[in-house]
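Undergrad: Sequence:
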Amino acid sequence: FGEEKEKRDLARLTATQWAQPAIACVSTSQLALLDEVGIRADLVGGHSLGEVVALRAAGVFASEEDLLKVARRRGELMAEAAAIPGAMTALSLPVGRVRELLARLSPRVVVANHNGPAQVVVSGSTADVADLETSLKAEGIAFQRLPVATAFHSSLVAGACEPFARFLADVPFSAPRVP
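Each residue of the sequence shown is one higher than the last, beginning at 1 in the numbering used here.
Simulated from the structure, these hints should not be mistaken for lab results. One or more hints might be untrue.
No more than 35 Å apart at the CA atoms, straight line, and that leaves these computed lysine-lysine pairs for DSBU-like [unchecked claim]:
| id | residue 1 | residue 2 |
| --- | --- | --- |
| 1 | LYS69 | LYS5 |
| 2 | LYS7 | LYS137 |
| 3 | LYS5 | LYS137 |
| 4 | LYS69 | LYS137 |
Predicted model, so just to flag it, every value in this text is computed and none were measured.
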C-alpha cells in the first residue's frame with residue numbers, strides 16, 4: 001500500500017488492454033445485480049464498449065467469459081494501434097460550437113463523443129489536445145481532461161478495426177433474446 005503503488009495500479013488499470021475488461025466486469029456485475037432483484041430490460045444499447053456489454057445483456061454472447069475475451073482483445077488491439085500518444089478532453093458546450101472551435105483552433109482533434117446537448121468529448125494526439133486546451137483556456141472556455149490511455153474514437157486507434165473484425169469472425173454469436 002502507498003501512494004506510489006496506487007499510482008502504478010491506476011496506470012495499469014487505465015491501460016486500454018486492462019480497462020476494457022475491467023469496465024466489462026463492472027457492467028456485467030451491475031447487470032447481474034439488476035437481474036437478482038428482478039429488473040430486466042425491455043431493450044439494451046450502449047456506446048463504444050457499452051455496445052459489447054449490451055450484446056452480452058441481450059444474450060448474443062453465451063457467457064461472461066466470451067464478453068471478457070472480446071473486451072480484452074478489443075483493448076489489446078486498441079492499445080497496439082495507438083502508436084501516437086493520445087488524449088481526450090470534455091467540454092460543456094453544444095456540439096455545433098465544439099465543431100466550430102475545432103475547425104478554428106485544432107482541426108486534427110475530432111469530436112469523439114456527443115454525450116448530450118451540452119457535453120462533448122474531443123479526441124486527438126496528446127500534443128494536439130494540449131494545444132487545444134491552451135487555446136480554450138485563453139478564450140475562457142472550461143474543459144476537463146479525461147484520465148484515459150489514448151485518443152479513443154479517433155484515427156489514432158482506427159488501426160484496431162480490421163484485426164478486431166477478424167477476431168470477431170471466430171467468436172460465436174447467438175440471436176439476441178432482447179432487442
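Undergrad: Look at each hint and say if it fits the structure.
TA: Structure-based check of all given hints:
1. LYS69 with LYS5: At roughly 27 Å apart (the allowed maximum being 35 Å), LYS5 and LYS69 satisfy the hint.
2. LYS7 with LYS137: The hint holds at about 27 Å.
3. LYS5 with LYS137: Answer holds: LYS5 to LYS137 is near 33 Å, not above 35 Å.
4. LYS69 with LYS137: 41 Å, violated
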